[in-house]
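Under our numbering, the residues of the sequence shown are numbered 28 to 205, in order.
Simulated from the structure, these hints should not be mistaken for lab results. Possibly wrong hints are sitting among the right ones.
Said to hold, decoys possible - Each pair of labels, with its calculated beta carbon distance range:
| id | residue 1 | residue 2 | range |
| --- | --- | --- | --- |
| 1 | 180 | 85 | 35 to 45 Å |
| 2 | 40 | 68 | 23 to 33 Å |
| 3 | 43 | 81 | 18 to 28 Å |
| 4 | 40 | 113 | 35 to 45 Å |
| 5 | 130 | 94 | 40 to 50 Å |
| 6 | 85 | 194 | 39 to 49 Å |
| 7 | 93 | 41 | 26 to 36 Å |
| 8 | 128 | 86 | 44 to 54 Å |
| 9 | 50 | 92 | 20 to 30 Å |
| 10 | 158 | 193 | 37 to 47 Å |
| 11 | 60 | 158 | 24 to 34 Å |
| 12 | 68 | 177 | 35 to 45 Å |
| 13 | 125 | 83 | 16 to 26 Å |
| 14 | 71 | 92 | 20 to 30 Å |
As the list claims (entries may be wrong) - DSBU-like cross-link-like pairs, simulated, lysine-lysine; straight-line CA separation at most 30 Å:
| id | residue 1 | residue 2 |
| --- | --- | --- |
| 15 | 77 | 94 |
| 16 | 89 | 193 |
| 17 | 90 | 56 |
| 18 | 90 | 193 |
| 19 | 98 | 72 |
| 20 | 85 | 193 |
| 21 | 193 | 101 |
| 22 | 85 | 60 |
| 23 | 101 | 85 |
| 24 | 94 | 193 |
| 25 | 89 | 77 |
| 26 | 193 | 98 |
| 27 | 90 | 77 |
| 28 | 89 | 101 |
| 29 | 85 | 98 |
| 30 | 193 | 77 |
| 31 | 60 | 77 |
| 32 | 62 | 72 |
| 33 | 62 | 101 |
| 34 | 72 | 94 |
| 35 | 101 | 77 |
| 36 | 77 | 98 |
| 37 | 193 | 72 |
| 38 | 90 | 101 |
| 39 | 77 | 62 |
| 40 | 72 | 85 |
Here the structure is a predicted model, which is why all the values come from computation and not from measurement. C-beta atoms are modelled at their ideal positions from N, C-alpha and C, and glycine is treated no differently.
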Amino acid sequence: MARTYLEDYGHYDGEATAREIRSRARLAKMYEKGKFHRLLERMGKKEFCKDLEGEIQKYHTKKNNEKALLKLIKEGLAYISDGSPSIMQYAYDWSYEESPDFEPVGLDIQIMLTWSTADAMAEEMEAYINSDYHESYAITPVTTLLLTPDTDTPFSMNDFPERFSKWLGSFNLVANNF
Numbered sequence: 028m029a030r031t032y033l034e035d036y037g038h039y040d041g042e043a044t045a046r047e048i049r050s051r052a053r054l055a056k057m058y059e060k061g062k063f064h065r066l067l068e069r070m071g072k073k074e075f076c077k078d079l080e081g082e083i084q085k086y087h088t089k090k091n092n093e094k095a096l097l098k099l100i101k102e103g104l105a106y107i108s109d110g111s112p113s114i115m116q117y118a119y120d121w122s123y124e125e126s127p128d129f130e131p132v133g134l135d136i137q138i139m140l141t142w143s144t145a146d147a148m149a150e151e152m153e154a155y156i157n158s159d160y161h162e163s164y165a166i167t168p169v170t171t172l173l174l175t176p177d178t179d180t181p182f183s184m185n186d187f188p189e190r191f192s193k194w195l196g197s198f199n200l201v202a203n204n205f
């Protein structure tokens, strides 16, 4: 959706210059099959660092922004290490309808990887989400327990979604100001 918008930017913005149109089309191609696509695909397929925790312990810096980033990465190991839960496991539609007037904004749209938070793709995705929020509601991650005849433990609340959201917000602030 955002990629298509960027590819056809000239049709949507009559005042766009030829340079802006080419720039946005080039960015869309980078996400579709170019450099950004390959990098994000590679990130999804393999570990970048076999012993991330060990490498973090060995790294020493005097720069405050690097110290802040390292601190957040250490805190974030609980969210990205093997065996940690995935935020996508927590999606729950509390207002499920068979045929809603407006589809809810799911986690698959709310959570995305972009090369930069300041590029046109991220801006278009943000605008898309903001426009959908006005007409619908967002599916927010919560802890659930499916009750069946085999359920043998009581429900216990897990605050993983809230902790992850708080950590991710802090990480984005530091990373954007890096």
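Comparing the hints with the structure gives:
1. 180 - 85: 35 to 45 Å: 41 Å, holds
2. 40 - 68: 23 to 33 Å: 30 Å, holds
3. 43 - 81: 18 to 28 Å: Taking Cβ atoms as reference, residue 43 and residue 81 lie about 49 Å apart, which means the hint is violated.
4. 40 - 113: 35 to 45 Å: About 37 Å separates the Cβ atoms of residue 40 and residue 113, which means 35 to 45 Å holds.
5. 130 - 94: 40 to 50 Å: 43 Å, holds
6. 85 - 194: 39 to 49 Å: 23 Å, violated
7. 93 - 41: 26 to 36 Å: Cβ of residue 93 to Cβ of residue 41: about 45 Å, so the range 26 to 36 Å is violated.
8. 128 - 86: 44 to 54 Å: 52 Å, holds
9. 50 - 92: 20 to 30 Å: Holds, since residue 50 and residue 92 (Cβ atoms, about 29 Å apart) stay within the stated range.
10. 158 - 193: 37 to 47 Å: Distance hint for residue 158, residue 193 is violated at roughly 26 Å.
11. 60 - 158: 24 to 34 Å: The hinted range 24 to 34 Å holds for residue 60 and residue 158, with Cβ atoms some 27 Å apart.
12. 68 - 177: 35 to 45 Å: Holds, since residue 68 and residue 177 (Cβ atoms, about 39 Å apart) stay within the stated range.
13. 125 - 83: 16 to 26 Å: With Cβ atoms ~48 Å apart, the hint is violated.
14. 71 - 92: 20 to 30 Å: 27 Å, holds
15. 77 - 94: Status holds; Cα separation ~21 Å.
16. 89 - 193: Between residue 89 and residue 193 the Cα gap is close to 26 Å, so the pair holds against 30 Å.
17. 90 - 56: 36 Å, violated
18. 90 - 193: The given pair, whose Cα atoms are some 24 Å apart, holds under the 30 Å limit.
19. 98 - 72: 25 Å, holds
20. 85 - 193: 27 Å, holds
21. 193 - 101: With a Cα-Cα distance of about 15 Å, the restraint between residue 193 and residue 101 holds, given a limit of 30 Å.
22. 85 - 60: Measuring from Cα to Cα gives roughly 36 Å; hence the hint is violated.
23. 101 - 85: Cα-Cα ~12 Å, so holds.
24. 94 - 193: 19 Å, holds
25. 89 - 77: Measuring from Cα to Cα gives roughly 25 Å; hence the hint holds.
26. 193 - 98: 14 Å, holds
27. 90 - 77: The given pair, whose Cα atoms are some 25 Å apart, holds under the 30 Å limit.
28. 89 - 101: 17 Å, holds
29. 85 - 98: 13 Å, holds
30. 193 - 77: Holds, at roughly 26 Å.
31. 60 - 77: Distance of about 27 Å is within 30 Å: holds.
32. 62 - 72: 16 Å, holds
33. 62 - 101: 28 Å, holds
34. 72 - 94: 28 Å, holds
35. 101 - 77: Given pair residue 101, residue 77 holds - Cα atoms ~15 Å apart, limit 30 Å.
36. 77 - 98: Roughly 19 Å between the alpha carbons, so the hint for residue 77 and residue 98 holds.
37. 193 - 72: 26 Å, holds
38. 90 - 101: 17 Å, holds
39. 77 - 62: Status holds; Cα separation ~23 Å.
40. 72 - 85: 25 Å, holds
Consistency note: the structure conflicts with the earlier hints numbered 3, 6, 7, 10, 13, 17 and 22.
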